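Q: Note that our numbering gives residue 294 to position 236 of the sequence shown, counting from 1, and the numbers run on in steps of one.
Please keep in mind that the hints were generated in silico from the structure rather than gathered at the bench. Fair warning: this is a prediction, and the values are worked out from it, not measured in the lab. Cβ atoms here follow ideal geometry from the backbone N, Cα and C, with glycine treated the same way. It is possible that part of the hints are untrue.
With beta-carbon atoms standing in for the labels, derived distance ranges [claimed, not checked]: (1) 112 to 176: 31 to 37 Å; (2) 88 to 240: 34 to 40 Å; (3) 246 to 130: 16 to 22 Å; (4) 268 to 71: 17 to 23 Å.
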Amino acid sequence: MSAAAGFELPARHDWPVVLHYGALVLRPMRWRDAAPLRALRERNRSWTGPWDATSPAGLGSPAMSASRLVRLQRQNGREASQLSWLLAWDQEESGAAGAPAQAPAIGQLSVAGISYGSARSGTIGYWIDKGFAGHGLMPIAVAMASDYCFQVLRLHRLEICLRPENRPSRRVAEKVGFAFEGTRPRYLHIDGDWRDHSVYVMTDETRPEGGVVWALTHGVAPHALLGGGLASAPGSQEDESDSNV
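Could you build all of it, start to finish, from the sequences and the hints given here?
A: Written as structure tokens, this is what we have:
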């Protein structure tokens, strides 16, 4: 199944799934990624800290070993209940068999809370290494995941929930074509407290006909949602960066 030149989708869901567009790769985590990923997170702590999920006092979960985490992600992926990818950069872009699956991580992207039945929805979350931010990589990654969810999983609705203050992440959602739907007060526990979140949405009806990757890479303007025009969050044009945390 082809979504855009240089980007291929499988005909059906069969985890593990590796997606790539040029040198940009979405691939599942392996146990040997644990140490490099910890180092990457630590290096980006000041960059991602204000937006990282936390737990209320006394309600945190025990730390999970890398092997258990990989097993859990693999099980969730096979069941298509949550898709957990590392965002990776295939510097050589060699095209050799298995090369994208070995590419070093530069961030993470997940599609969580996937529901089927009458809902058919999911929520996308993402972050990228500060050193790779601002080069248009995160919008492409979100577009790849969106195309996979719409065209392979046949979901109806995807949403991105982000703090209103997180202008880079908001800019990513807008660039990909997600439309501002509204605000959920005190929705998630982030950086030590319950925080309001802006909700951005794309549905099967509002996604680009040729695919999200195709529209993004061909400069197609985000299409309308909610009453005939792209709704905007307050201050949504303040930051033109496409970096993301």
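Q: Evaluate each hint against the coordinates.
A: For each hint, the structure was consulted:
no.: 1; hint: 112 to 176: 31 to 37 Å; result: holds, 32 Å
no.: 2; hint: 88 to 240: 34 to 40 Å; result: holds, 38 Å
no.: 3; hint: 246 to 130: 16 to 22 Å; result: holds, 21 Å
no.: 4; hint: 268 to 71: 17 to 23 Å; result: holds, 21 Å
Hint check: no violations occur; every hint is consistent with the structure.
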